[in-house]
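Required output: the full structure, derived from the provided sequences and hints.
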Amino acid sequence: MTPDDPIARYALRLGDDALIMGHRLSEWMSRAPFLEEDIALSNVALDFIGRARLFYQYAAQRVGGDTTEDTFAYSRDVRDFTNLLLCELPRGDFAFTICRQFLYDAFALPFTEALSGSSDPQLAAIGSKAVKESRYHLRRSKDWMLRLGDGTEESHQRCQRALDDLWLYTAEMFQSDPLLDDLIARGIAVDTPALHEAWLATVSETLATATLSVPDTDVEVVGGRDGIHTDDLGFLLAELQFMQRAYPGLQW
Amino acid sequence: MADQMQLYEVFVRSRRGLDHKHVGSLHADDSAQALEYARDVYTRRGEGVSIWVVASRDITASQESDCESFYDPLDDKPYRHAAMYELPEGVDSL
Numbered sequence: 001m002t003p004d005d006p007i008a009r010y011a012l013r014l015g016d017d018a019l020i021m022g023h024r025l026s027e028w029m030s031r032a033p034f035l036e037e038d039i040a041l042s043n044v045a046l047d048f049i050g051r052a053r054l055f056y057q058y059a060a061q062r063v064g065g066d067t068t069e070d071t072f073a074y075s076r077d078v079r080d081f082t083n084l085l086l087c088e089l090p091r092g093d094f095a096f097t098i099c100r101q102f103l104y105d106a107f108a109l110p111f112t113e114a115l116s117g118s119s120d121p122q123l124a125a126i127g128s129k130a131v132k133e134s135r136y137h138l139r140r141s142k143d144w145m146l147r148l149g150d151g152t153e154e155s156h157q158r159c160q161r162a163l164d165d166l167w168l169y170t171a172e173m174f175q176s177d178p179l180l181d182d183l184i185a186r187g188i189a190v191d192t193p194a195l196h197e198a199w200l201a202t203v204s205e206t207l208a209t210a211t212l213s214v215p216d217t218d219v220e221v222v223g224g225r226d227g228i229h230t231d232d233l234g235f236l237l238a239e240l241q242f243m244q245r246a247y248p249g250l251q252w
Numbered sequence: 001m002a003d004q005m006q007l008y009e010v011f012v013r014s015r016r017g018l019d020h021k022h023v024g025s026l027h028a029d030d031s032a033q034a035l036e037y038a039r040d041v042y043t044r045r046g047e048g049v050s051i052w053v054v055a056s057r058d059i060t061a062s063q064e065s066d067c068e069s070f071y072d073p074l075d076d077k078p079y080r081h082a083a084m085y086e087l088p089e090g091v092d093s094l
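Chains as they are written, first to last, in the numbering used here: chain A, 1 to 252; chain B, 1 to 94.
For the record, the hints were derived by calculation from the structure and aren't laboratory data. Even for Gly, the Cβ is constructed at its ideal location relative to N, Cα and C. Each hint can be trusted.
Just some of the chain B residues that point at chain A, by a computed CB distance under 10 Å:
{"id": "1", "residue": "M5"}
{"id": "2", "residue": "D29"}
{"id": "3", "residue": "A38"}
{"id": "4", "residue": "V41"}
Cβ-Cβ distance ranges computed for the label pairs, FRET-style:
{"id": "5", "chain 1": "B", "residue 1": "E47", "chain 2": "A", "residue 2": "V219", "range": "44 to 50 Å"}
{"id": "6", "chain 1": "B", "residue 1": "H22", "chain 2": "A", "residue 2": "W252", "range": "36 to 42 Å"}
{"id": "7", "chain 1": "A", "residue 1": "Q251", "chain 2": "B", "residue 2": "H81", "range": "57 to 63 Å"}
Below you can see the structure in the form of structure tokens.
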């Protein structure tokens, strides 16, 4: 189920990040703290699902045959998914969801900007479309970081706790591996290790304004890109894939 | 939570050259957040090119009890309506 074509594999990684992040956000539907935020979170969720479709469609096109975007979303097992662990962590409380979103959005904006300059025209096009969404996502999540961090004692504590829990998973965004190195050398993939410094600067600045501290730890949890996941992804996929597993090929 | 927040009225301009139209209201902590929610709640299908948000409490509105003094005196002044004019050729309505 994992294609040989390196560009298809790269597109799948990015599609997996988007699908899993979008699904986690969609879990807030009807459960957000108030109506307006419910709609806003759902909008962001839809942006990510839409992004996943574009990456999957491109991967399917490169793989050819009967493969479609649905094959990737609904027919792969947990070990075939190559999303970042950060994306799959359970949604937690509102502070956790917002902190995760902020840490990711601060990465996604420079990432999509760089992707729009990819030497692969299709990836570049997806990047250009996504960059506007990411700009808005970051504006939103940054705004919430300031409100929660510099809000009440309770919101500050929850936010700091979420950051401390999430920080271990951020290193994976900037991790390098042979597939990535090869595609970076060909100008196709985004040089993510090179984004780390700017990301840290953006994040540190916002956290300082929000009266939050940058967690002090060198521990890094990785594995998502190799299909080594937390238990939580299995449960997520069970829900996401149930219908197609129970009724293969079902349409509505 | 929503009951501690302020109510805002939202106005959206759908195209350049048109007026901002009142589209509804929403709750937010402050006007910056209201603007973001207005984008999410009222322009999801590409309805707008510009958004105004106004705190509802800043709006001074006429009351039902004002109707008599505000509008009734106009009932017997039909000459204020353009309907009395004969339309020039080529003009369908005024």
